[in-house]
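Participant: Each chain, letter by letter, is given below.
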Amino acid sequence: MRIDLISENADLFVTGISMTLKLTVLSLAIGMVIALPVAVLRGMRLPVIDKVLRGYIFAFRGTPMLVQTYLIYYGLAQFEVVRDSVFWAVLKSPFNCALIAFSLNTAAYTAEILRGALEATPKGEIEAAEAIGLSPLQVLRRITIPGAFRRALPQYGNEVILMLHGSTVASVITIQDILGAGRTLNGKYYLAYEGLVTAALLYLALTFLIAAAFGLGGRKWLAHLRPAATR
Amino acid sequence: MDKIVGYGPILIGGMGVTLAVAFLSMALATLLGGVFATLSLRGSAVLRSVTTGYTTIARGVPDLVLMLLFFFGGERAINAVRAAFGLERISVSPFVIGVLTLGFIFGAFLAETFRGAYLSVPRGQVEAAQAIGLPSHRILSRIILPQMLGLALPGFTNTWLVLLKSTAIVSIVGLQDMVGLADKAGKATREPFVFMLAVILFFLALTAVSGHALHRLERRHRVGV
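As you go down the protein sequences, you meet chains Z and S in turn. My numbering numbers the first residue of the first sequence as -6 and each following residue consecutively. My numbering numbers the first residue of the second sequence as 1240 and each following residue consecutively.
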């Protein structure tokens, strides 16, 4: 192991870490914005919309994120309509394509996690909220959704880790994330281990951090399942 | 669109490669899962910490990173050993590396599944079996394993569905699976969308069919539970 080469090229990994974090955090944020309405709408079981949403969730959870990214990055460029449209400014960048693919992917998983958590709302909580005269929208906003977020916490922690790991797909479409930095280092000096081992350790460390953060969050918010109204 | 017809036979070959990788790595994962579940339940303190180390790496490092590490690192390590014996360099097969990596990763998930299933078999049943004098291997084969099967099935199904999608990354170390071939064909014909869409439909069909079959099996095993 040439530790000196790793420390000499530390800046490569620093930029890699910030790229990985940027991609992961932005995808999770956009994914959450999409997932919450999808989960709520699915809970309403509206005739046509429900079929469409189920199709979306099935398509994104049933296929590899690598292929989804390829479809958006390489696939869409096939069409002249796309290349001539205003969207081309967005779609020609690998970063944007990765972000779109990752966001849609994590949104599908998150929507299912949230739907499960929404459905697990104790009936008594809703009845109590109705009894004190809250409107259905108020019940949703102040009782069901906050409670669902709390119940979804452990599973969502898993999804965050999966998203971090999945973000390595970005390196395949030339983005310099942590894995990209590791591969660049290996390519530069014709190494087999150093860059990839460093990348593996960095991902491992980030995974531990996320798991620890969600563990702490769980201890705080799942300590006793008191209703959101008395928080 | 008509170009995909010409590539039909090649793509079907790619499906075969994807399926072969998936089945073989699932078999390896099941084997590793069984071994490491046993070690974590019955092993000495040292073996238990080896199991913890294994699960931590397999579940804490992204699949793509592990696969590239196994691919490039494995080749370097094998050739270092071969050079010491005066043998010439060889290149490792991406197929073998793909199966080993996926087996390694999902073995850790299955070890947890099997461990959980073992611990879910009521302790009283084992005690009852001991009381009527069944030898321990009989207790395992007649009491514990049959019930573990049903208890482990949901986790097994889940692992299989995730593994199936993970096979896509073998194309990155150069294996010509469904994804690798479709990528190549898409670039050659300048119709990448059509070919990637075909891959997506292929994966959806696989997920739907195997998910349905395994869930049916789960329902059968839940009877009487």
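No lab work stands behind these hints, which were simulated from the structure alone. There's no promise every hint is true.
As the list claims (entries may be wrong) - One side only, chain S facing chain Z, incomplete, derived with CB under 10 Å:
(1) Gly1247
(2) Tyr1293
(3) Val1300
(4) Leu1308
(5) Phe1311
(6) Glu1314
(7) Arg1315
(8) Ile1382
(9) Gln1386
(10) Met1387
(11) Gly1425
(12) Ala1427
Stated by the list, open to error - Each computed BS3-like pair below joins lysine-lysine, with the alpha-carbon atoms no more than 27 Å apart:
(13) Lys85/Z with Lys1426/S
(14) Lys116/Z with Lys15/Z
(15) Lys1404/S with Lys1423/S
(16) Lys1423/S with Lys15/Z
(17) Lys1426/S with Lys1242/S
(18) Lys15/Z with Lys1242/S
(19) Lys1242/S with Lys1404/S
(20) Lys44/Z with Lys1404/S
We put the beta carbon where it would ideally sit given N, CA and C, even for glycine.
Participant: Now tell me, hint by hint, if it's right for this structure.
Facilitator: Tested hints:
The beta carbon of Gly1247/S is not positioned within 10 Å of any beta carbon in chain Z (closest approach about 19 Å), and the interface hint is therefore violated. For Tyr1293/S, the shortest C-beta to C-beta distance to chain Z is roughly 13 Å, which exceeds 10 Å, and the interface hint is violated. For the restraint placing Val1300/S at the interface with chain Z, the shortest Cβ-Cβ distance is roughly 5 Å, inside the 10 Å limit, so the hint holds. Given the 10 Å rule on beta carbons, the hint for Leu1308/S holds: about 4 Å separates it from the nearest Cβ of chain Z.
Because the smallest distance between the Cβ of Phe1311/S and any Cβ of chain Z comes to about 5 Å, under 10 Å, the interface hint for this residue holds. The interface hint given for Glu1314/S is met, as the beta carbon of that residue sits about 7 Å from the closest beta carbon of chain Z, less than 10 Å. With 10 Å as the threshold, the beta carbon of Arg1315/S comes within range of chain Z, its nearest partner Cβ sitting at about 4 Å, so the hint holds. At its closest, the beta carbon of Ile1382/S sits 32 Å from a beta carbon of chain Z; the interface hint therefore is violated under the 10 Å criterion.
Using the Cβ-Cβ criterion of 10 Å, the hint placing Gln1386/S at the interface with chain Z is not satisfied: the shortest such distance is roughly 26 Å. For Met1387/S, the interface hint is violated, the least distance from its beta-carbon to any beta-carbon of chain Z being 24 Å, above 10 Å. Interface restraint check for Gly1425/S: the shortest CB-CB distance to chain Z comes to about 6 Å, inside 10 Å, so the restraint holds. Given hint, Ala1427/S at the interface with chain Z, is violated; its Cβ is 12 Å from that chain's nearest Cβ, farther than 10 Å.
The suggested pairing of Lys85/Z with Lys1426/S holds, with an alpha-carbon distance near 16 Å, which does not exceed 27 Å. Proposed proximity of Lys116/Z and Lys15/Z is contradicted: the alpha carbons are some 39 Å apart, above 27 Å. Only pairs whose Cα atoms come within 27 Å are accepted, and Lys1404/S paired with Lys1423/S is accepted, the gap being roughly 19 Å. For the given pair, Lys1423/S sits about 30 Å from Lys15/Z by alpha-carbon distance, which is inconsistent with the 27 Å threshold.
Straight-line distance between C-alpha atoms of Lys1426/S and Lys1242/S comes to about 12 Å, which keeps the hinted pair within the 27 Å bound. Of the supplied pair hints, the one linking Lys15/Z and Lys1242/S is violated, its CA atoms being roughly 39 Å apart against a limit of 27 Å. Note on Lys1242/S and Lys1404/S: the hinted pairing holds, with a Cα-Cα distance of about 26 Å set against a maximum of 27 Å. A C-alpha spacing of about 23 Å is found between Lys44/Z and Lys1404/S, which places the hinted pair at or below 27 Å, so the restraint holds.
The structure does not agree with the numbered hints 1, 2, 8, 9, 10, 12, 14, 16 and 18 stated previously, though it agrees with the rest.
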